[in-house]
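Protein chains: 2
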Amino acid sequence: MTQEEEEVVLLDYWPSPFGTMARIALVEKGVNYIHKFEDLSNKSPLLLEMNPVHHKIPVLVHKGKSICESNIIIQYIDEIWKNNFPLLPCEPYQRAKARFLVDFINKKVHGSSVKVWMGQNEEQEDGKKELVEWSKFLEEELGDKLYFGGDEFGFVDIAFVPFYNWLIVFKTFANFNTIEIECPKLVMWGERCLKRDSVSKSLPTSDQVYQAYLEFKKGWSHG
Amino acid sequence: MTQEEEEVVLLDYWPSPFGTMARIALVEKGVNYIHKFEDLSNKSPLLLEMNPVHHKIPVLVHKGKSICESNIIIQYIDEIWKNNFPLLPCEPYQRAKARFLVDFINKKVHGSSVKVWMGQNEEQEDGKKELVEWSKFLEEELGDKLYFGGDEFGFVDIAFVPFYNWLIVFKTFANFNTIEIECPKLVMWGERCLKRDSVSKSLPTSDQVYQAYLEFKKGWSHG
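As given, the protein sequences belong to chains A and B, one line each in that order. Mapping the first sequence onto the UniProt record's numbering, position 47 (from 1) lands on 47, and the numbers just tick up by one. Mapping the second sequence onto the UniProt record's numbering, position 198 (from 1) lands on 198, and the numbers just tick up by one.
Just chain A, with the same shape it has in the complex (with noise of 0.2 Å):
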């Protein structure tokens, strides 16, 4: 097998939530890879050769080949490397549990969080609301677990830590602290997923998720 064969690649942009989740399997897996960045207002060749229908990071290119959507990335992660640390569940219920989790987490979480950093007046406050009611429903998937999938980190956790990063950030940016007071067993989840080197080592701190935001806002207002 040749070097580029063997090579694990991610193309990543440090303050997205999606590039966050690769990282953490990444690193739970003890992958060692080249971290490559992008600049999202002037993509690489290397990206729209290897993501040609969506042109989004985070892809994972292994082996030549491009890995793209993050939760498939993590799937894709936790098949090829499955003697370390198992990322889904094994069995079929609990799995499709963690693949509804996630799909909820991507399409409903980030959606309101989207309205909380994006939006104006009425709808911010309704992304406010619907983060209320999202965490609420997480705590109750929760429940007195450690972790979603039980004693052990994985797909959800991996899927929901870098939204409830964007939730401590909300708290400055948004004055946003519901989460706090009404969802308590939330909150210790995020500070054990916190604590972890994988976690601690690839979020990107607050500073850096309110830059990309203003980074982000500027260039949505020019488009």
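Hint data in this document are derived by calculation from the structure and do not stem from the laboratory. Do not take every clue at face value.
[Unchecked claim] Here are the simulated DSS-like pairs of lysine-lysine, each with C-alpha atoms no more than 25 Å apart in a straight line:
#1 B:145 with B:201
#2 A:56 with B:129
#3 B:56 with A:115
[As the list claims (entries may be wrong)] Some chain A residues close to chain B (C-beta under 8 Å, calculated; not the full set):
#4 33
#5 37
#6 50
#7 53
#8 65
#9 67
#10 85
#11 93
Beta carbons are placed, not taken as given, at the ideal position from N, Cα and C, and that holds for glycine.
With chain A's structure known, arrange chain B on it following the hints.
Quick look at chain B alone, frame taken from chain A:
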């Protein structure tokens, strides 16, 4: 195990492409199930209980537990009845690729089809152009293979065939026959799929699809 725990129930709506996918997967696996059809303008308490987040069909109820979202249902079916005809490939890269294409079909092909159904003038024309683009992309992915996964019918075929059926309906409804001219391999693939028992038993007829469209349009204009 009680009778209820053994039971497989599918909450469904006959003309739905997502419901169709679940039906095809169950027939391919030879699973006996109870079919419950929903009136989408007056959803049953069972549907609201079994899919409390999205209130959408299809929902698979197995051993008293619910599995939601068509692509997750198909993967669950494949993992539970794993000794029968496999629906997903074994190899991780091929699995990732199949998941990517199914996601592409559910987002892009479905989105553009809805534009053709519901849009007017320019929006409808945009939808048609997009459908030609997506069909060409899928034809390239298919290449000279019998099915998307190779020699055997599987996950991607199940996800695309209900929308291929829509393309046939669009021929008369929206004066749209570009696919036949531009994508001859895809048309041959479609004809091949339509000959399978699992597909021919599960697909709604053109008339049923058109009837459902009229009902939706009525409902949506009220909403």
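Checked hints:
A C-alpha spacing of about 24 Å is found between residue 145 (chain B) and residue 201 (chain B), which places the hinted pair at or below 25 Å, so the restraint holds. Annotation: proposed proximity of residue 56 (chain A) to residue 129 (chain B) holds, straight-line Cα distance about 22 Å (limit 25 Å). Between residue 56 (chain B) and residue 115 (chain A) the alpha-carbon distance is near 23 Å, which keeps this suggested pair within the 25 Å criterion. Because the closest C-beta pair between residue 33 (chain A) and chain B is about 16 Å apart, greater than 8 Å, the hint is violated.
Interface restraint check for residue 37 (chain A): the shortest CB-CB distance to chain B comes to about 23 Å, outside 8 Å, so the restraint is violated. The beta carbon of residue 50 (chain A) comes no nearer than 12 Å to any beta carbon in chain B, farther than 8 Å, and the hint placing it at the interface is violated. Annotation: residue 53 (chain A) was flagged as interfacial toward chain B, and the flag holds, the nearest CB pair being 6 Å apart, inside 8 Å. The beta carbon of residue 65 (chain A) is positioned within 8 Å of a beta carbon in chain B (closest approach about 6 Å), and the interface hint is therefore held.
Interface hint at residue 67 (chain A): satisfied, since its Cβ lies 5 Å from the closest Cβ of chain B, which is below the 8 Å cut-off. A distance limit of 8 Å between C-beta atoms decides the matter here; for residue 85 (chain A) the minimum to chain B is near 16 Å, and the interface restraint is violated. Look at residue 93 (chain A): its Cβ gets to within about 6 Å of chain B, closer than 8 Å, so that hint holds up.
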